[in-house]
Amino acid sequence: MVSIKSGEDPGKSHLEAGLAVIATDTAGQQEVLQQFPKAGQVIPASDPIALAQAINYWLQQPDQLSQAKQAAKQAGLDLGWDTQATKLVHQVNIAIGQKT
299 MVSIKSGEDP GKSHLEAGLA VIATDTAGQQ EVLQQFPKAG QVIPASDPIA LAQAINYWLQ
359 QPDQLSQAKQ AAKQAGLDLG WDTQATKLVH QVNIAIGQKT
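Residue numbering for the sequence shown follows this note's numbering, beginning at 299 and increasing consecutively.
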């Protein structure tokens, strides 16, 4: 299964679910897929031909789709609250001078 997103957020819940993402070239989606390029594809916004090509790519490349789904799942874990909270607490501790 592939998730197609057109807003700013590539859908953290989609990534957590292990869905390969076809994202439009908005800033937020590009940022996430630059961090996790194997989790999906970025296409131009409002380009139905690019969307069709991206969908066809996944349909014709099941091994690549499987890898993208695994990468999406990992991206979801890395972007999830548990991981982000740990990073935030660490940074706060550094800022206030506590050892972690």
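Please keep in mind that the hints were generated in silico from the structure rather than gathered at the bench. There could be a bad hint or two in this list.
[Claimed, not checked] List of simulated lysine-lysine pairs, DSS-like, C-alpha gap at most 27 Å: (1) 336 with 310; (2) 371 with 336; (3) 371 with 385; (4) 385 with 336; (5) 310 with 385; (6) 310 with 371.
Values in this document were obtained by computation on a predicted structure and should not be read as measured data.
Structure-based check of each hint:
{"no.": "1", "hint": "336 with 310", "verdict": "15 Å, holds"}
{"no.": "2", "hint": "371 with 336", "verdict": "11 Å, holds"}
{"no.": "3", "hint": "371 with 385", "verdict": "19 Å, holds"}
{"no.": "4", "hint": "385 with 336", "verdict": "23 Å, holds"}
{"no.": "5", "hint": "310 with 385", "verdict": "17 Å, holds"}
{"no.": "6", "hint": "310 with 371", "verdict": "10 Å, holds"}
Figure legend: structure checked against the earlier numbered hints; every hint is met.
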